[in-house]
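Student: Going line by line, the protein sequences match chains L and H. Under this note's numbering, read the first sequence as residues 389 to 489, first letter to last. Under this note's numbering, read the second sequence as residues 9 to 687, first letter to last.
No lab work stands behind these hints: they were computed from the structure. It is possible that some hints are incorrect.
[Unchecked claim] Here are the simulated PhoX-like pairs of lysine-lysine, each with C-alpha atoms no more than 25 Å apart in a straight line:
no., chain 1, residue 1, chain 2, residue 2
1, L, Lys483, H, Lys659
2, L, Lys488, L, Lys477
3, H, Lys403, H, Lys498
4, H, Lys171, H, Lys119
5, H, Lys403, L, Lys488
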Amino acid sequence: MIPIAHFMLISAGLFCIGLYAVLTRRNAIQVLIGIEFMINAAVLNFVAFGKYDKIAGGGQMFALFAIVLAAAGVAVALAIILNVYKYFKSIDPTKTDTLKD
Amino acid sequence: MEGLNFLENRGLIALLAAILPLFSFVFILSSKRGGGANFALSTISLSFLLSMYLFSHIWNAEPEHKQFSWFMIGKVQFYAGILLNNLSILMMVLVSGISVLVHIYSREYMKNDPNIHRYWAYLGLFCFSMLGLVISDSLLLIYLFWELVGFSSYLLIGFWFSKHAASQAAKKAFIMNRIGDLGFLTGILIIYTQFQTLDLARLFGDGGLISTSSIENGLWISGSQQIPAIWLSIAGLAFFLGAMAKSAQFPLHTWLPDAMEGPTSVSSLIHAATMVAAGVFLIARIYPVFDPLVLDIMVWVGAFTAFMAATIALTQNDIKRILAYSTISQLGFMVMALGIGAYSESIFHLATHAFFKCLLFLAAGSVIHQLHHYCEKYKHNFDHQDIRLMGGLRKRMPFAFFGMCLASAALVGLPLTSGFLSKDSILIRTFEWTATREGVFVILPWLMVLTSWLTAFYIFRLVFKVFFGESREIKADKLGQISDSPVQMKYVLLILSFFCTFIVFAFNPASFESSWLWKGFEVSMIREISVYHWLVPLILNLGSFLLIFITYRIYVLDNGPQSMKGTWLYRISNQEWFFNEIYNFMFIRSVERLSLLSYRFDRTVIDGLVISMATLTKTISSIIDWFDRRIIDGLVNASGSLSRYIGRFFKNFQSGRLQHYLTTMLLVVLSFFILSYLI
């Protein structure tokens, strides 16, 4: 039986890697990949904790739900990135800074 | 019919006579041509004719008094008008008559002056002021004309104002007269305070306010009004001060000799009829106001002035200066006579003096005139007013010589002249008056006799030096070039010579009581002592003749006693008793010192105060400036920059970069967790 702490550590590591990618990458696609990492870290946590809800399997349910949502979110995000590229001719998030004051 | 009405209205005639010269003044000054002689002469002649007409009607008849209301102050009504009595009508004739002669004379004398039209205009103003002065019926009006006389004399004395001495003399005359004017004004104010009127007839007439006012218990009472009695004396003294300045009495006499800087014809006018006569006239006009104390002061001032001026005249060398001092001396006689109560004698002397002094000046003027022409013609420069340089002119200028001799005789008071009548009458009165007094008054008549003798010496010294002996400056062969004055001047001299004889004033050459002029005034109160009536003229004339003889020996035959030159007596006399120096030292120098002192005070104290105040203000304001700049502005700036820095700091968060936002968000969440963990 793999202790829950290992799942948590793997999940935290995944989350941190995702977060790092989100914060540091110079490519919107990679940032998106980082986000996927972080979602999957969360999904991993759902599944891990789902072990303790054997009757309803709520954790599994949530994990599925989150995967679907993440897929939808990626579709939307990719569409946004496509539009950003059309507008800025670049998908480097440091260049799209027209929101600055 | 209208003309008849006009002639009936005597006030109007007098007014016209006075205004005519003013008209000439305005007309000539506004026309600005280099002439005006004829116009001036015709107006003054008309004035003279009108005066004569009035004289024939008013002399010894009912006085004429016309007035109209002038203005009101509070409840007091002021009147302006004309008061013609014996005194004023005599003065009118005198002033206009002398003026006519001087005008005729001036036509030749001032002929080539470039500013001649100014001269005629000023003469007009002068005559107007003097005529106005004598006919005015109120003290206020008299004061007005009094000032005008002073002003026009200033203009005339300074006529050649480009000459430094002339402008200085004019200023001196004006300033000295201002001192007197102050006295006059004070007198007017006192009289007004006491009587609430300045009307001459009401104040000084028969049964007037002055004569009905009384002095009781040291109070001067008039009606319900009463003030301390001392004010009567002060009023008298104040009026007398005014008269002193105008009539050049000691100690305000020093302007008159300096006034000789004016044209000689002007000097003659000033000395004979206008200006200096105004002082004596004023005293005579307001005679009742003087109380015994003031009259005594008047006696001594007059006597001292007469004596002093006579001693000064002894050693002067300027022909006009000698005559100026002789005028001061004679005015002293008149003032003294008024002081002892010899009213009619004084006026009598004023009238006779007017003619012979005018003649003296005009004769001297013709000498100066002819010598001046000689100087110009032959380029021979010398001071043509210095009697030491003249001499031997008797044969060259017989008319001037004749006039001068006759006038000198009248001045000395030799028999058959007008001066004999008037001057001896004053001396007789002095002797009679002194008989009623004791103490120091005993020397008074002898002082006057001595003065009279001195007169004989100095005036004949002038005559002998100018007309006798050898010419000292002009060479004998050139003396023939000097001719007698032009015909108009000669006539004037002749006419005036006639007026210097006794016949004009009295039929009896030995008795002044027979003079119509003397009788025209109130007979004086002095008790007559008949022995004096022949003794005094006798002593006087014997002495005078003796002195004239001595003078003749000294100056013509040149074998007189040793010269007095160098002695201290001579120095005092020649330096005019050092009055100018004393005044210079006492008043001018002290005023100068005072002004220097106040200048220094101003510079150091006042300026210092101002400057230190300024410095203080400057310092305070610089401190405030610093405070403002550093503290107030600093606060404002600090808050400004603080918000700027804060703004800048927070601006950095708004970088527009997605990842930065995310980082920030992460940090916030992290710090929230850290904080919640710590707390």
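Student: Give me the numbers of the hints this structure contradicts, sorted from smallest to largest.
Tutor: Hint 5 is the one this structure does not satisfy, whereas the remaining hints hold.
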